[in-house]
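Engineer: Single-letter residue listing:
Protein chains: 2
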Amino acid sequence: MSDKKKIVLTGDRPTGPLHLGHYVGSLKNRVELQRTHDQFVLIADVQALASSPGQHEKIKDNVLQVALDYCAIGIDPTQSTIFIQSLIPEIAELTMFYLNLVTVARLQRNPTVKDEVKQKGFGTNIPAGFLMHPVHQAADITVFDADLVPVGQDQVPLVEQTVEIVRSFNRIFAPVLKEPQAMVPAQGARLQGLDGKAKMSKSLGNAIYLGDSADELLRKVMSMYTDPNHAHVSDPGTVEGNVVFAYLDIFDARKDEVEELKAHYRRGGLGDTVIKKRLNEVLQGILTPIRQRREQLAKDPAAIMAMLLKGTERARGVAATTMARVRQAMKLVY
Amino acid sequence: MSDKKKIVLTGDRPTGPLHLGHYVGSLKNRVELQRTHDQFVLIADVQALASSPGQHEKIKDNVLQVALDYCAIGIDPTQSTIFIQSLIPEIAELTMFYLNLVTVARLQRNPTVKDEVKQKGFGTNIPAGFLMHPVHQAADITVFDADLVPVGQDQVPLVEQTVEIVRSFNRIFAPVLKEPQAMVPAQGARLQGLDGKAKMSKSLGNAIYLGDSADELLRKVMSMYTDPNHAHVSDPGTVEGNVVFAYLDIFDARKDEVEELKAHYRRGGLGDTVIKKRLNEVLQGILTPIRQRREQLAKDPAAIMAMLLKGTERARGVAATTMARVRQAMKLVY
Chain R
956 MSDKKKIVLT GDRPTGPLHL GHYVGSLKNR VELQRTHDQF VLIADVQALA SSPGQHEKIK
1016 DNVLQVALDY CAIGIDPTQS TIFIQSLIPE IAELTMFYLN LVTVARLQRN PTVKDEVKQK
1076 GFGTNIPAGF LMHPVHQAAD ITVFDADLVP VGQDQVPLVE QTVEIVRSFN RIFAPVLKEP
1136 QAMVPAQGAR LQGLDGKAKM SKSLGNAIYL GDSADELLRK VMSMYTDPNH AHVSDPGTVE
1196 GNVVFAYLDI FDARKDEVEE LKAHYRRGGL GDTVIKKRLN EVLQGILTPI RQRREQLAKD
1256 PAAIMAMLLK GTERARGVAA TTMARVRQAM KLVY
Chain L
956 MSDKKKIVLT GDRPTGPLHL GHYVGSLKNR VELQRTHDQF VLIADVQALA SSPGQHEKIK
1016 DNVLQVALDY CAIGIDPTQS TIFIQSLIPE IAELTMFYLN LVTVARLQRN PTVKDEVKQK
1076 GFGTNIPAGF LMHPVHQAAD ITVFDADLVP VGQDQVPLVE QTVEIVRSFN RIFAPVLKEP
1136 QAMVPAQGAR LQGLDGKAKM SKSLGNAIYL GDSADELLRK VMSMYTDPNH AHVSDPGTVE
1196 GNVVFAYLDI FDARKDEVEE LKAHYRRGGL GDTVIKKRLN EVLQGILTPI RQRREQLAKD
1256 PAAIMAMLLK GTERARGVAA TTMARVRQAM KLVY
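First to last, the protein sequences are chains R and L.
Here the working numbering is used: the first residue of the first sequence is 956, the next is one more, and so on.
Here the working numbering is used: the first residue of the second sequence is 956, the next is one more, and so on.
Here chain R stands alone, though its shape is the one from the complex:
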């Protein structure tokens, strides 16, 4: 990897296998980015435990599932550095240093934190680790010297928090840290859930997983939310808010045909089954090769783990270099 390539930091909390929402929102993009950037893909196991400590029984399997998903969709461990957060102590060390540069009040005002506190229903019982999450993430980003952080619009405040921390550090100690930039997708790449809810999500139970079998995929497509008033094939139907059309817009390359189908659906005479079958074919076309690669890779979990440990070793090397600069700046060199 050339030194001239810009560095990207991305990743996921391993709370279970990844779904089509991840694929559209970030995974596909990573396959492109790894060709032109030095891409670090973080499997954030420490952060996965932060929101639900009881999850630890499944954590190792979840890490493996996520790594399988990565490799299956085409993130290439020879082009991207895929690694496990809890094996990089430098992230924890840097987080501890950064905690001195942020006030509790500032963290409590962070819009992403506020939203997530509401979502999780913590009330006033916010775990300290949860409130500290933006600081932990600032360490994730900066310890790998990232230039770019691909995030959804809702995560932009986390990158802004990182920039604030970097500026404080550079001012108080020495200018050794890089300011990262958020990289927000041009189009709103958030995928709706099967049920029509705004977001596909494991916890909402409305997701198509990258590892779903052909049958499961078919069943899920057939269960999709369309237009509740479209009772008979002959009735006119509504395209807006119809999940099948939303997916066809995203996944079906034959845009003209999709537009014709929409017109037909609107004036009546086009049944849900027809459009669902079409969507099923389109999605099977995308997911079958992914599923097959996934099944192939899943036969040798030891090889996947070895790949992760190799990526982690490279990541630690980079983290150690940054930490040497940080310690020098903080005069913590003994």
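Calculated directly from the structure, the hints in this document are not laboratory data.
There is no bait here: all hints are sound.
Given that identical chains are not distinguished, each listed pair holds provided it fits within a single copy or across any two copies.
Only pairs whose alpha carbons sit at most 30 Å apart, straight line, appear in this in silico BS3-like list of lysine-lysine:
{"hint": "1", "residue 1": "K1286", "residue 2": "K1075"}
{"hint": "2", "residue 1": "K1265", "residue 2": "K1133"}
{"hint": "3", "residue 1": "K1254", "residue 2": "K1265"}
{"hint": "4", "residue 1": "K1073", "residue 2": "K1286"}
{"hint": "5", "residue 1": "K1286", "residue 2": "K1157"}
Predicted, not measured: the structure shown is a model, and the values here were computed from it.
Chain R is already provided as a structure; the job is to place chain L on it using the hints.
Structural biologist: Okay, now just chain L, sitting in the frame of chain R:
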């Protein structure tokens, strides 16, 4: 060191050289404890930076000064493990795990934290690292498997917080962590300042340092607060609140003579200069050998640093053993 010895965790934030208050309150005790316990003495450089990040320019020298003080008063690096906090990444890692087991509200209610927030005048701008301090300290204590933590009464809530975290961890994951106990000195061993204030402290400028020269010591004793109404030698004087007598009570082994002096002072006819000269002699007797050892050791700072690095190496070994148990319990073994 025998495996049967109980483990003690103690230490200081290196914010400057240590003073007679530290000597009375904890250092002397450590010289005793190291004979009967496996004693870990933490130089908490990360925590020293937490309250005042601008201090980093002096941090390395402060660490060295504290280590000189330790060795000068008789903490023996062959009996105690003296080490530097920032060189133990396991402490940061464990802190990150513990942060998930404590709520922000609980930390805000911690009496020690509340007192210190008031003392430092943070107002609503409490650095996150400061609020997290009890969690960081819980990691300090438990990563070395400490049985006992010598603390002043005001620090007891910090040990209680540690016990809470240990219980949560052991319940959620597996019972691999030891519950520590606070070890509070029987007598109130807090030393007044030269000016009569309740506490000898660097920031109050009312301290006698272990490295003070004989002249400085004499000057400081002569400046001590006595009884402002004792204008003439012949006047009756007050013993209560009189710093010279408070010190004589603590440091002068000839208790009968001190009682006679008190009686004489009360009825009048005993000048401040006489009791101050006596106290000076007593303190010179204690501090001269300490100062001489300190000067001798200070000639070879490289040897002191080598001692610290050796202690740190042993401490890291113990920390790594604990972390292996912690990771096993959390299923973070890859």
